[in-house]
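J.: Grab the two chains, each in its own frame, and use the hints to assemble them into the complex.
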Amino acid sequence: MPYAVDRRRFVGYVIGGATLVAAADLVLADPPPANAEIPTLPQPAELYDLNDMLTDAARPTANLITVTINEDGTASFELPRAEVGQGITTSTAMLIAEELDLPVDRVRVTLAPARPELLFNQLTGGSNTTISTYTPIRVAAAVARVTLLDAAAIVLGDTVAGLVAKGGVITARNGSSVTYGELAVKAAGSAGSRAVEVELKTEAEFSVIGTPTNRIDALAAVTGQKDYTTDVAVPDALPTMVCRAPTLNGTPVSVRNQAQVEAMPGVTHVAQVSTGVAVRAATFGQCIDAVRALDVAWKAGPVAGESDATILRKVRSAQLPMPKLPDTPLAQTVSGDFTFWFRSNSAMDTNSAIADVRPDGATIWSGLKSPIVAQQQIALKLGMSPDKVKVNVVTAGGSFGRRLFFDAALEAAEISQKMGAPVKLMWHRADDARVGRTHPLGTCRVQATVSGTNVLAFNQSLTCVETDFRHGLGEIITAAAADLPGGVGNLGFAETIFALTQEVPYDFGAVTQTLVETDDRFNTGSMRNIYSPDVRVASELVVDKLAAKMRMDPYQFRRKFQRNERLLTVLDTVAQAGEWGRSMPTGTAQGIAIHKEYKGVSACLVEIDTRPATTGRQIRDAVTGPRVTRVTFAIDVGLAINPRGLEAQMQGGINDGIALALTSSLHLRDGHFLEASWDNYFYTRQWNTPPDVRVIVVPSEEKVPGGAGEAGVAATFAAVACAYARATGTMPTQFPINHDQLSFEPKSFVPPVPESPTNGLDLIS
Amino acid sequence: MPEQTFIVNGERVTVDVEDDVRLLWVLRDLLGITGPKYGCGINVCKACTSHINGKAFNPCAVPVGSIGSEDEVTTIEGLPGEVTEQQRGANGLHPMQEAWLERDVVQCGYCQPGQIMAAVALVNRVKAEGRQVTSADLDTIRNICRCGTYTRIREAITDGASRM
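Listed in order, the protein sequences are those of chains F and W.
Quick note on numbering: the first sequence equals residues 1 to 765 in full-length UniProt numbering.
Quick note on numbering: the second sequence equals residues 1 to 164 in full-length UniProt numbering.
It should be emphasised that the hints constitute simulated quantities derived from the structure, not laboratory data.
None of the values given here were measured: they were computed from a predicted structure.
Be aware that one or more of the hints could be misleading.
Derived coverage of chain W by chain F (criterion: at least 3 residues anywhere in the stretch with Cβ under 8 Å from a Cβ of chain F; other residues may be distant) [to be verified]:
1. 34-40
2. 51-60
3. 91-97
4. 135-142
Quick reminder that beta carbons are idealized off the backbone N, C-alpha and C, glycines included.
Just chain W, with the same shape it has in the complex (with noise of 0.2 Å):
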């Protein structure tokens, strides 16, 4: 079986593997880095966001085979990473985890890891624009949310920009 190596939060990794298989599925079955979440499996759902090279992506719709052996690959267990010691929140987090605590946006909590990814992402591109997210920008999200937790994304994401 081929080997494949890529950076996972930080950490870089090789795992035996067919290069068809899908990033998701070595993530969480064969690594048990079980953060980002399956919700549909087609890149739709986007349960599963996690950031390459600091961009949102879904691993369920990336052949692990893809991936560069320089490509750092972060899931919500790693998002903490991301910025630096002092810009982590009371809970040694990121911002935008210290914002979801503060406004209690979980609920079942399923979505909730793929939520933040997008949300940073999203925050990210936007502050690379030069200006503040809006209404308009939140409702691009394509994360879902069975649990219905929205209002409380949109209010967690724009305290979160802010802290960012």
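Chain F on its own, in the form it takes in the complex (with noise of 0.2 Å):
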């Protein structure tokens, strides 16, 4: 079994191999410390959070991640998780580099494909890569470079005592040296592996993990060498698309004209599948074409009908009483009721994958974050055994909780099966929007007792249409426990995310947050920061109410009801740096919130101006509206491996945060949802981002990292929500603001995909 002798000290393998191939437990990793300290009505996310469980759930599995060091003197690491741009290739590499004592450019890492002995420990989400992979990482590193200097110690004739390690090279004290490239085969195990203890850097000795670090990927990414699924090539793996129902989930009942399309220039295959009716062709644009020719009689979807507003009103229906406020004397009550539309979290990079299915086994490439549970889920839908499905995981471009799931890939598989041929299948940007994924619908209600300048309770109320969470954690035993029959299973695991990642913040006696789910007709997910930004949303905005009763500042309010000294330094950091309280015109103002997830602290200050000269701004296609124009932003992620990236990655989340409060949303008319372009979803665009923005990493007590890809959402979408409503004098009450208006025409439901343009000449710049 894995143990740590103590905090630093720790036990890996060196495993036999043509070159040094070290080893350790991915579970790796030291006990939680006990809470000296139990604070007053902790809520469980302060005792126990999500990232916790993610790191508990893979405690009783035993295995191996592998560093090997290669003759040519690089390392080479494959990281069972995900990148989709949250630059874990990036700060895996510094890990590795740190404890070798290796330059971060001679690491190469790749993502590992399925391994199901993993079990629950290849799930990519809840920001808990870096937590989770920290110490059994530098521990193979460490058994690596232990294992090199006792080879180099025979070869150079010292001890290791005398020996220095330093980029890669190995010297002795009488000068002599030699390359881990040089030994990479002579300190090679034998067969079987043996144990070694090693000792890990500490803290005063990094000298790469906390250093800004450009990302490893970027060479290939600005020269257009970066693969992701559709650019991956495998033979006669042709470009594949699906015509898909009119309604949401509609399936197909016959091809009307099967032969016509299959008749048409460059197509090889039509076949109906449970999604839809598949085309195959030599180029995409004739799959596009194929697609919009196919006449299909359709069986509406299980919300035909529906729009926004039914759905609104059964969630309202389903809401429970909110929890009995104390019944005090004097005490008066604040509240706010808070809807949320759909959103999507749609990529750049549209659910695509390759799937070459044969009559004996399968193999499958696409970007997936449980790629263990997909493997699973494949091998039933193809009647094959898991063995015989082999997944490769690809870089993907962007997921925001999408790659949770592997729609493309289940339905690639089913194609190619079909059709008896390797399939390159690309959902079409309106199938994406449409079809694909969204942040539930719901209602945020929140209810707070004031006596005085005291806050008695607190309670919040969500109440959503479901958060699919049937890809479990990662695998198959969790993922059918989440897909018991009548939502239960789904429920329970919703419960608990919510409870393992909810807190209220604040001193204010005795809080209670719950969670409803209803609904399980839409295609949903966990997008990023899952429940947070709404919940956060509703909490600050009533935050700032409460303020206003006490007739305090915001932020001097803020100050007062905190107990976290992390969260009282980011706090203050953003109020001087963002110069909080300055003079403002009328129509512009300032927000302020703070956020506490993923082991780290986040406070956001916005400036917003919603003057008419600003929001009056007519730009083609476009939601202008009101402007954020300065963001500060301060975060205190525990220990930052790389603080450039970290940076990049609030930035991203300052711009999601914008467009969750300002611009994005989903409208569902008539069972299906209207959007199907960039030009109909409103993210945040360069018109809208703000022209200053400043991201702070405060230098943290704590000794170990936290997550990041999630961190910067929250805090940004409520401090913009307070800031409009301080610019406005009126508080929003549903999100985004700008939701009742459609500021597009909808593009065409049958055919299901806009027709290719032919204009582009005409449009040179």
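T.: Spelled out as structure tokens, the structure:
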């Protein structure tokens, strides 16, 4: 069994190989320290949060990750996680470089295919990657270093104590030296494995960890060499697309013109599958033409006839009464009731997958955050045993929660089996927006009781369309548990995630937060930061109301009711750096908010401009509206492995928060979502993004890393909402604020994808 | 099938494909030039932005048959070729790509080839007008980035413009 000798000394392994292969148990971690002090009335997430659950879930498994030293002097590592833009291949290379004393650019990090033996431990989610892999990756690298030093001592005729390792070269006292590459074979283990005890570097010895470092995949990205799923060349895997039903999740009944479409230029196959009618052709352009030409009889989907308004009514009718507030004389109630519309977590790289299904086995390539359960579910679909299905994880062009699911991989496998040919499936943007995963519509109600200058109680109740967690913890056992009939399994999962992530980070007396989920007919999923953005917006808007009730400045109010030193620090940091309270013209205002999650804390101060000259800007096919002009964001993430990557994640989260507050939502009408393009779904664009953004990575007392990928969203969303309320004098009650205004002409539903334009040469610039 | 002939990244190519297939698919699916990305197929997201005769355009919206045999198409792969060897930076790349690397702009990277190609065309246009890139110019860029890398894109364009 893996174990930690103490906080810095661990046991890893050298395992047999052609060159040196050093290993550590992926679930290796020191036990969380017992809480010395139990805070007053702690909420579950304060004592044991989602990241503790994700880390603990893997403890019973014993599974190895390996760092290999190659003869060219590089080190290579297969990361059992998905790189989707969050920068974990870079931070992982940094961890290895640190312990190995090797330059970062000599560390090759690739993504591991599905490894079923890893059970719960190949899920990329909950901003947990660095938290859970920080120690095991360093142990494996440290084992490699110790083993290289042992081999070098023999080669150089010195003792290990006399050697210095630097930059991939080991030098003896007499000046002779040997490279890692030259030692790679000599240091290789014989058959079997042997245990090696290592001592990790102390924080004081770090020279890579904590140093701002550029991404290891940047050169490939800026030269067009970085490959995403649709760029991967698999022999005979021709472009494939699916013609989908006019109502959400409608299903095909029959194809009326199959022979005609099969005869179209480039088309090789037309096949009816469970989700629609698939076409395979020489080019995606010809797939689009074929999809548009298909004449299909459809069975309406489960939300046929429904709209935003009818779904909201159902959610409202599922709301439970708010918990009773303390019955105190002179107490006053402050409340809020907010609606959050459906939002899309569609990434730039649409759902895509390559599938080569043969009678005796299948190979899949896709951007997958839960590849083990994908492998298991694809095997079920194909009627094969899981070991016959090889699932490769490809770098993805964004996720935002989308790639926790494997919709395209499952669909591609079915299509390839049906056609008897390899396929490169790509969802059209219209499919990705309309049929892809959404952040559920919901309401969030808040009631607080105030007596004088105290808050006696704070109740918050989120009621929403179900969030699909049927990917489980990345393997089929928990996925099946989440798929129990009647939504019971998924609801239990949802309640667990909610309880393990949500907090009201203030001293507000009796705090209650509840979740009710209803309606499982939509394609939903965990959109970046799951429940927190909506919960925090509702909470912080009511906090501003409470401050107003007590005639207190919003910043000073937040200070007064704050119990967490780290939160106080980030709050003070943004207030000072962002010049809280500075004089601003009418129609502009500041807003401030805080958030605590993923072992870190953050604060955001924004300035917004709601004056007519700004909101009235005319840009073709765009939503302009109020503009966030300045953002000051501070985060204490714990130990920041790569401050430059962390800053990038916060900058991205800031743009997400702005979109959620001001512009981006899906509109459900007559059983389908209207949005089919990036000029329909108004994610933040250059004309919306703040010209002035400052992210401050606050030095942390914490010795271990927290999560970064989702940490920027909630505080920003809340700060923008608070700023908008102060600038306009009206607290918004729905998000995004512009949802009632449909700002585009919807594209057709039959055919389901728009025609490819021909006027590109008239628009050169 | 008709033969389509044009110049891409400095090389003359000939492809057998129908006139109405949009250039993006000819580049990606038939020629294996995958730098220009698909993000919408209707000239909205701008992920496929490339250059034709030095100006920005979107091959998803151009039938290959409308490209002339002397038209020069440049994708991200050929961008360094738009400047002289002396103008290229430490990595042998176009100054805008070098600025992108220095600012560590990329997150997932999917939209970035299109962002860089659009940025180069914007700077060329503004320079031809004899002026500097302004914040208002940056606001006109339609290329979408779902990772929200806009802050660093703005910094990199300003930096790249000063190197061009």
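J.: Now, for every hint given, state plainly whether the structure supports it.
T.: Right, here's what the structure says about each hint:
no., hint, result
1, 34-40, "holds (count 7)"
2, 51-60, "holds (count 7)"
3, 91-97, "holds (count 3)"
4, 135-142, "holds (count 6)"
Of the numbered hints listed earlier, not one is contradicted by the structure.
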